[in-house]
Amino acid sequence: MLGARRARQRTRFVAFIARQLDEIAPGTVRVAVAPLTINNRPRTWVELIDASDRVVSTAADQCRAAFGLLSRAFPDADWSRPRVYDARTGRLILDEPTTPAELGNTMPEADQ
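Residue numbers (my numbering): 383 to 494.
There are no misleading hints in this set.
Using C-beta positions, here's what the derived DEER-type ranges look like:
hint : residue 1 : residue 2 : range
1    : L476      : R423      : 15 to 25 Å
2    : R425      : Q391      : 30 to 40 Å
3    : P457      : E478      : 13 to 23 Å
4    : L384      : T426      : 29 to 39 Å
5    : R446      : R470      : 17 to 27 Å
6    : T471      : I420      : 27 to 37 Å
7    : W427      : A455      : 11 to 21 Å
8    : R423      : A386      : 40 to 50 Å
9    : L384      : T419      : 36 to 46 Å
10   : G450      : R473      : 17 to 27 Å
Hints in this document: simulated from the structure, not taken from any laboratory.
Even for Gly, the Cβ is constructed at its ideal location relative to N, Cα and C.
Sequences and hints are given; from them, build the entire structure.
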């Protein structure tokens, strides 16, 4: 019973965040967030991305609203590291670069 209740709550949460992101910038299905430093000042880069991997918006007000929504939804997340939120799955994952070997490129020259 408890597992079913949590699953329903999770489903409602994922749908709520997806609706909110779509209101902020229609078509948004992913939000990429990356910390950066400009002129020795910390900043946060946010991109709103659609289902075709195209950037929907980098407008400051929309990006600020999306980041605010996610930071409230995931208060324990370490936002000092790059993250990607997928509104279709409700997963917030660490977005770190990978090496060619991790991508499955096993050609000998890739190891040199």
